[in-house]
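Trainee: Under our numbering, the first residue of the sequence shown carries the number -7, and numbering increases by one thereafter.
Simulated from the structure, these hints should not be mistaken for lab results.
Here a beta-carbon is modelled for each residue, glycine too, at the ideal position from N, C-alpha and C.
There's no promise every hint is true.
[What the hints assert, rightly or not] Derived CB-CB ranges, DEER-like:
#: 1; residue 1: Asn46; residue 2: Arg78; range: 18 to 24 Å
#: 2; residue 1: Ser71; residue 2: Ser35; range: 28 to 34 Å
#: 3; residue 1: Ile75; residue 2: Thr22; range: 17 to 23 Å
#: 4; residue 1: Ser71; residue 2: Glu44; range: 15 to 21 Å
#: 5; residue 1: Ile75; residue 2: Asn46; range: 26 to 32 Å
#: 6; residue 1: Ser65; residue 2: Tyr32; range: 16 to 22 Å
#: 7; residue 1: Ser65; residue 2: Pro37; range: 18 to 24 Å
#: 8; residue 1: Asp66; residue 2: Thr41; range: 16 to 22 Å
#: 9; residue 1: Pro21; residue 2: Asp74; range: 26 to 32 Å
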Amino acid sequence: MLQLLDRSYPANESSLSQKQSIYSQLLSPTEHTILRYMSYGYSLPEIATQLERNIKTIRAHKFNAMTKLGVSSDMGLLSAADILMRLSANNDDATVMRLAQ
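Full structure from sequences and hints, please.
Mentor: Shown next, in the form of structure tokens:
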């Protein structure tokens, strides 16, 4: 899916903001948060504890993110998360980094 979006827009300043908007709308805020935690090395049980959610809820959000991004492995999900994090200027990263230390 991300490759299709990349091919749809030429690489210039205005298209970058369009991509950022599209990418940020792909996932829910909770899915973004879970991907951030995963990218910092948290396991699903650790994420569930941090977010005070049931592990099954975290797994469901992870599965939904994988489906939306068209990936079928954790590695693919983390690669997509890396792209999203680079495109997204969100302050949640600072919170996760503090918790990870």
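Trainee: Now tell me if each hint is right for this structure.
Mentor: Against the structure, the hints come out as follows:
no., hint, in the structure
1, Asn46 to Arg78: 18 to 24 Å, "violated, 30 Å"
2, Ser71 to Ser35: 28 to 34 Å, "violated, 18 Å"
3, Ile75 to Thr22: 17 to 23 Å, "holds, 19 Å"
4, Ser71 to Glu44: 15 to 21 Å, "violated, 28 Å"
5, Ile75 to Asn46: 26 to 32 Å, "holds, 28 Å"
6, Ser65 to Tyr32: 16 to 22 Å, "holds, 19 Å"
7, Ser65 to Pro37: 18 to 24 Å, "holds, 19 Å"
8, Asp66 to Thr41: 16 to 22 Å, "holds, 19 Å"
9, Pro21 to Asp74: 26 to 32 Å, "violated, 18 Å"
Violated hints, listed in ascending order, are 1, 2, 4 and 9; each of the other numbered hints is respected by the structure.
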